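Residue numbers (the working numbering), protein chains in the order written: chain A, 397 to 658; chain B, 509 to 806.
It should be emphasised that the hints constitute simulated quantities derived from the structure, not laboratory data.
Note that the coordinates shown come from a computational prediction; the quantities given were computed from them, not determined experimentally.
Heads up, a few of these hints could be off.
[Said to hold, decoys possible] Every beta carbon over 12 Å from chain B, so not counted as near; a handful from chain A, in silico:
1) F573
2) L587
3) L588
[What the hints assert, rightly or not] Here are the in silico distance ranges between beta carbons for each label pair:
4) A:Y422 to B:D647: 48 to 58 Å
5) A:D424 to B:L778: 44 to 54 Å
6) A:A593 to B:V610: 56 to 66 Å
[As the list claims (entries may be wrong)] Not the full set, but computed from the structure, chain A residues with beta-carbon under 10 Å of chain B:
7) P497
8) M506
9) L568
Beta carbons are placed, not taken as given, at the ideal position from N, Cα and C, and that holds for glycine.
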Amino acid sequence: MARAPARREAMEKTSAVEVMDLTVAYSDKPVLWDVDLSVPQGVLMAVVGPNGAGKTTLIKAMLDLVPISAGRVLIAGRPYDEQRRKVAYVPQRGSVDWDFPTTALDVVMMGRYGALGWIKRPGAREKQASMEALEKVGMAAFAHRQISQLSGGQQQRVFLARSLVQDADVYLMDEPFQGVDATTERAIVTLLQELRASGSTVIVVHHDLQTVAEYFDWVTLLNVRRIASGPTAEVFTEPNLRAAYGGRMAWLQTSEQEPVAD
Amino acid sequence: MFDLFTDYTLRTVAMGAAILGIVSGVLGSFTVLRQQSLLGDAISHAALPGIVLAFLLTGSSEPLPLVLGAGIAGWIGTLCVRAIVRNTRIKNDGALGLVLSVFFGIGLMLLTYTQARPDASQAGLDKFLFGQAAALLQDDVVTMAVLGGIAIVAVTLFWKEFKLLSFDSEFGRSLGFRMGAVDILLTTLVVIAIVIGLRTVGVVLMSAMVVAPGAAARQWTDRLGVMVCLSAMFGALAGLTGALLSSTGARLPTGPMVVLSASVIVLLSLLFAPRRGLVWERLRSHRRTALRTEGARP
């Protein structure tokens with residue numbers, strides 16, 4: 397009898413991200429409606445759904461970047477505000493100006509800014525960690541390149557390296573495969589699987605339904621409401637996809653382009 | 509040229525113009541990178557009603573209350589822009605244009621009203637429209653240097669935060685930095701940079717000094733640090749050149765000469781900067797076509 401609450405506690409602990417009754421609305425139009433989600437630790441999860449389904453908003457709500465109308469989000473059982481250091485964020489590549497006068501290394505070092513806090517400047521330690529992260533994504537040779545001289549795939553790798561130096565438990569990535577070549581896509585997938593193997597939880601907004609089963613072991617189907625969420629083998633089914641995408645022939649949409657503001 | 513070291517007025521004016529060039533160059537780099545070039549325009553125009561109101565309230569034409577009035581009005585202007593963007597469907601550029609014209613209109617109205625007063629002509633408020641550098645005193649230059657020094661120290665302290673704000677503000681927020689506060693701080697420093705230049709260059713042309721040095725500097729480098737230093741140097745160069753040109757005896761006004769010098773620097777940078785310059789770009793594509801046609805020949 398005394399065991400039951402202990403087990404429940406253990407089960408709660410395994411939840412890396414817990415979303416409860418989440419509703420987000422932009423000027424009265426709901427983007428997310430009453431979403432419940434429980435993402436266990438150590439999974440590699442895809443968030444899929446049609447354009448305007450609220451995928452980006454869901455990620456941003458987890459990061460406390462958009463005002464929430466109702467509900468709440470817990471990271472490893474606590475509010476985001478207390479867990480910032482355990483969460484890394486990879487925004488959409490198109491959300492920044494790549495003509496900004498800075499180098500790949502400098503962008504990666506921004507991942508250390510949070511741990512540094514106000515005013516303090518990055519030093520040798522931050523530089524070393526950033527070089528190691530660049531090496532991990534195969535970009536060490538480009539460390540001192542100006543970022544506009546990098547290809548789309550290379551820019552995406554820089555963004556990934558920036559999240560790696562955050563040394564987080566939970567990684568939230570918004571379309572890391574958008575506009576990258578096949579080689580980069582494979583490299584990124586390997587990296588994400590390494591992150592999962594090391595015990596991290598990775599949540600990825602994904603577009604290519606063809607590769608969901610191959611890349612991800614967990615999936616959430618979203619269309620304003622949560623359609624389904626769970627292990628890919630159980631949840632990534634035709635009825636669920638039909639429910640998420642409606643009458644559209646979603647199976648044929650392989651690399652659909654979506655505007656930045658989802 | 510030697511007048512610079514002997515002539516008191518010229519030395520004061522040259523120093524004032526150089527200081528305003530440096531400070532607006534440093535802060536202008538960030539407004540250029542954030543694609544907020546119109547912000548300087550809005551702030552400087554919004555400053556006019558503040559200047560006139562400060563005169564009406566205090567009855568003094570001393571620089572400090574007028575500059576303070578300018579700063580407060582400019583700052584309120586930026587807050588209005590933020591409020592409009594946040595609470596209406598009007599986008600940033602529309603909000604800037606609105607604030608600019610409404611504040612400037614109020615300023616002109618107050619100015620006309622004030623001109624009718626007997627003590628107004630001595631106050632020389634209308635000089636704030638296009639600036640009058642010759643009226644600068646050593647005290648003014650000291651005030652400019654102190655304010656500008658504070659702004660530059662703040663930029664070096666919050667360098668990392670300003671870079672984050674300019675490149676990826678939302679990521680900064682996810683890291684726990686209060687980017688709204690960083691934005692307000694940076695904007696306040698831009699207000700200071702503009703207020704410093706108002707007496708010399710005037711509200712109408714001051715915005716050029718916030719855009720020109722930064723835009724020119726961006727052409728020459730791909731590093732933020734180098735860009736900000738270059739921008740400060742270009743600003744100082746424009747200030748000094750403008751002051752010297754206006755002292756040549758042709759009775760050329762300082763403010764417009766400073767802005768024209770800055771514009772020449774921008775033009776040269778747009779044309780001749782390596783890699784980004786138009787001339788080299790044209791040469792490169794020309795050479796490429798030349799090579800291709802040569803290769804096509806048997």
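message: Using Cβ atoms and 12 Å as the threshold, tell me whether L588 of chain A really stays out of contact range of chain B.
response: holds (19 Å)
message: Min Cβ distance, P497 of chain A to chain B: is it shorter than 10 Å?
response: Since chain B brings a Cβ to about 5 Å from P497 of chain A, closer than 10 Å, the hint holds.
- prompt: Do the numbers back the hint for L568 of chain A, that is, is its least Cβ distance to chain B under 10 Å?
  reply: holds (9 Å)
message: If I take the minimum Cβ distance from L587 of chain A to any residue of chain B, is it greater than 12 Å?
response: holds (19 Å)
message: Is 44 to 54 Å respected by the C-beta to C-beta distance linking D424 of chain A and L778 of chain B?
response: holds (46 Å)
Assessment of proposed distance window 48 to 58 Å (beta carbons of Y422 of chain A, D647 of chain B): For Y422 of chain A and D647 of chain B the Cβ distance comes to about 52 Å; the hint holds.
- prompt: Can we keep the M506 of chain A interface hint, with Cβ of chain B closer than 10 Å?
  reply: holds (6 Å)
query: Would the least Cβ to Cβ distance between F573 of chain A and chain B come out above 12 Å?
result: At about 19 Å from chain B, F573 of chain A clears the 12 Å cut-off, so the statement holds.
message: Quick check on a hinted range of 56 to 66 Å for A593 of chain A and V610 of chain B, using CB atoms only.
response: holds (60 Å)
In the structure shown, no violation is registered for any of the earlier numbered hints.
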